[in-house]
Amino acid sequence: MNDTTLTLDSVERAPSGPPAAARSRRRRRSPQAVVITTVLWLYAAVCVLPLLTMIFNSFRTHLQIATDPWPLPTDPTVENYVSAWAEASFGRYALNSILITVCSVAISTAVSLPAAYAIARWRFRGRGALEGLFMSGLLIPFMLAILPMFYLMDGLRLIDSPLSLILIYSANGIPFTVFVLVSFFRQLPGELEEAAFLDGGNHFTVFLRIMVPLVRPAIATVVVFRFVPIWNDFLMPLVMLRSRDNYTLGVGLTTFFGEYQNDWASLFAGLVITTLPLLVLFILATRQIIQGLTAGIGK
Amino acid sequence: MFATACGGGSGASANEARVTVWTWSNEAMNAFKKAGIIEAFERAHPGIHVEVVAQLDKNYETLLTTGLAGSESPDIVALRSYGVLSSFADSGSIVPLDDVVKDWTGFSKPALAGAKGKADGKLYAVPQGIQTAQVYYNKKIFAELGLGVPTSWDEFIAAAQKIKDSGVAPVVIPGSVAAQISLAAEVFGNARRGAGDFEQAFIEGKKTLADPDNVAAVGLMEQIKPYLVDNVTSVTLDEAVTLFATGRAAMFPSGAWQVTTFANLGAEIDYGTFDMPVNADWPAKAVTVSYADGGWALAKRSTHPKEAAVLLNWLAGAEFANLYANAMGTIPARDGVTLKNAQLAEMYKRYQSKPSTYLGAAYLRYGTPSGTDLMGEQVQKIWLGQTTSDRAAKSVQTGVDAWFRPADFQHG
Amino acid sequence: MAQKIKYASNVQRAPAVVVVLFILPAFALFAAVLLYPMASALGYSLFEWRGGANLVRFNWFENFVVLFTEQPYVEQMPRAFLHNIAIFAGTLVLQNSLGLFLAVQLHKLGRMRRLFQVLYTTPYLVSPLVVGYLWTLLLSPSFGPVNAALEWLGLESLAVSWLGEPTTALPVLILVSVWQWIGFPVLLYGAALGAIPPELSDAASVDGADGWRRFRHVTLPLLTPVIGTVSILTFIGGMETFTLPYAFGGATGSPAGATDVLSLLFFRVSFQSGASNALGVSSALATLLFLFILGGALLGRRMIRAQEERLS
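Chains as they are written, first to last, in the working numbering: chain L, 684 to 982; chain W, 1039 to 1450; chain C, 87 to 398.
One or more hints might be untrue.
[As the list claims (entries may be wrong)] To be clear about the criterion: a stretch of chain W counts as covered by chain L if any three or more of its residues have a C-beta under 8 Å from a C-beta of chain L, and this derived list gives those stretches:
| hint | region |
| --- | --- |
| 1 | 1090-1096 |
| 2 | 1194-1206 |
| 3 | 1223-1230 |
| 4 | 1302-1313 |
Worth flagging that the hints you see were computed from the coordinates, not collected in a lab. Here the structure is a predicted model, which means the values were calculated and not measured. Each residue gets a CB set at the ideal place from its N, CA and C atoms; glycine is no exception.
Bound-form chain L, shown alone (with noise of 0.2 Å):
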């Protein structure tokens, strides 16, 4: 095992930090660097500033919002995330986004890392056309899929069960994550597995000891790209739901809408609600995300 553990470490080691190339650029601060740090820092409130109105308009009343441009509440009221946890029952429906998004995209990439192992490092039989029906699954307009889809659950006796929305998102899942998954895993070395079977692995312990963990990157970047859609989405939810206690916290948002009027103060209160779950996953993800992402593209 020593000599695998060694050549792990290498691998891992080479990307951590920043570059060589990087490091040795911060030298002193060019006028140039003034200005690309400008530049990126503009660009950082472009991304941000629209996201602060959203959590500013959260604590305004429904005629301020509609009435005056300036989003800075002048008399900020929580009125907005009381009615929005009574009104939209959040406090249940966040329970059941937590069940079906966690279990969706555990079995997506579950079911997806070996498949995506074996059409990255074993050469078999249809094995371009497997990967090309996986990618035809990228392809798919949903809106299309779903009056089958509900015929199928129909079928299996599911609607009105959370197994519905899990049992589809994991499958639609799988397409993008495989995708993601054979391109990293393709950039491993070849070494590495020789040596593990040279101490006695087999292809079930190479794959999930040696191999799983070199990807760790790629998965939180799956995973993080496959939850935002599912933990957001309400269409499927209301397609395949029927009571109220199954609901999810995208359907709790769609409350807001109205015929003829939308309740933008409670709408907006929600999103904060919906949202920083989110952002906190992200954030705890990127670290993973970016130093992997590193160990896994271009190898």
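Go by the hints and put chains W and C onto chain L.
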């Protein structure tokens, strides 16, 4: 004995049933829950529980397509009148109500027209209400400028000019929303086109939208262009309401639902309403533009058709009509209703004396492209200077020619 | 160059049983829950339907013929298609210029890099529907802060009716779309840049190559696979975009159809219309779109592979 029945049928005991009702409108769901409508029904009908669920308005038809197609189907669904209702009737996912509902006599003819299947002329829904469209005007602005309610189109334009000179936008229209533009165009142009006479000729195939009177009606949208709020093609419905409610626009052609919207907004506004006045040489007198605004239909896959029928009969009665029209702020579809809100009562009165059908809603939404979508787009083009009223009117006709056959409407 | 994108030497063999065990779970779930409904949905396009899902008869390719011969499709389909292409092209250009620029600049930073990466990705966390409504409020000429700020800065001439003018509505749609998605290319490009061994660019500097030449001849070729991945995903996203145009211009692509795209046309035909054979015609439209995207994606992949070969 006292256990509440659970939905879906399997677990319900013999005497207890839960009837599930779907609607696209959060407002309607709240009316049912908070204005005592469900309570009133359940008190009179022990053993039947009612659950009203509001589905997302913007995807309502998508959700119905799946919802009505499998198990766990709702029992009663609200459907938008005319084309959408007719299409669900065609698919067999809702059942005819001619014999299910015992008494149809209270309903007005236009209300029933919106509840019929185009293919067989049968009644598929209990009408929910009527939507009237009129011009809202800011009384304070009118008083300050010494303006009265205009009595002719020329007076209307003169008033608009005076308002414009005072620095206020005379007219706001939600010009980014096709359906809203089309409705506003109807408020302005229905009488100019010839109102009921034109409608008759239109469904008899004697006149088309390319008719000079309709071209002139579309032309009114060109005439009011100088009097619209700035950037009208970007104005959303929410924005239009705010512009009018805060006094930045003096007039707003829109539906009766705005009475409730203005009240919810929390802005103090003193407003009145009028129907668009006509010039002496126009083919018709002033009318109240109106259309059937949805109805309650019975799902074929309902697991409690008997109880649902009981509820439908109650929904067709005067007790419900009174409760619902007052809670929702809508014009009733049947007689025997007293509206408590003074604004709505006034609209209702005008509507009863001289109703005229909103042509786009009643006949031009049975296929792709929808006539009201086309109208919205064409009027936007007029405002953007990309087309003329003549070409716009003809273009709408060419568009609906793809599927519109006057003969389809002969039996109703 | 040592860092060729060559994987052949890595590829090994495994017993058939093992291969099957590795692939089966993913394939079974994918085939049953996604592929099968999808195939039947595409099959819908070969039938005539009445009002929703009431099957009338098999009608071969009639639904496709309708798309190419009848109103409104002959007029609206090409228009929507061009808008999709414009959205794809605009997004592609911006993501590969702005996104690459940001990624390259962030790469030079030290500990601040992660903060910026998080900030640039936050718009992705909010659902596209809400992003659409949010920007509608922000860009409103009457009540929006964007135009209020422009006027405050004395730039009244720039305070236009962003979503009300056909000339600006589509570009704004593209910009907001890029705004929301830019985090993805920034992260991916950043990762790829991190993987380039410093020796390579150092060697190039010793050779006397300046910054741009180093970027052009050393960095860019190594980024080709990632740029390819991002471009293909952008293509798919651009062709299928629905939520943002819907939030901006409604189902009709306001103003005057300037933001109409294929998925909006699909939506109008399938769910909103009272048309009788809506399911058949809309399925035909979706099938065409699917085939086009498939063809485009395959072609794109081939072009990228060719480019990789040429550069390596």
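Worksheet item: Which earlier hints can't be squared with this structure?
Response: 2, 3
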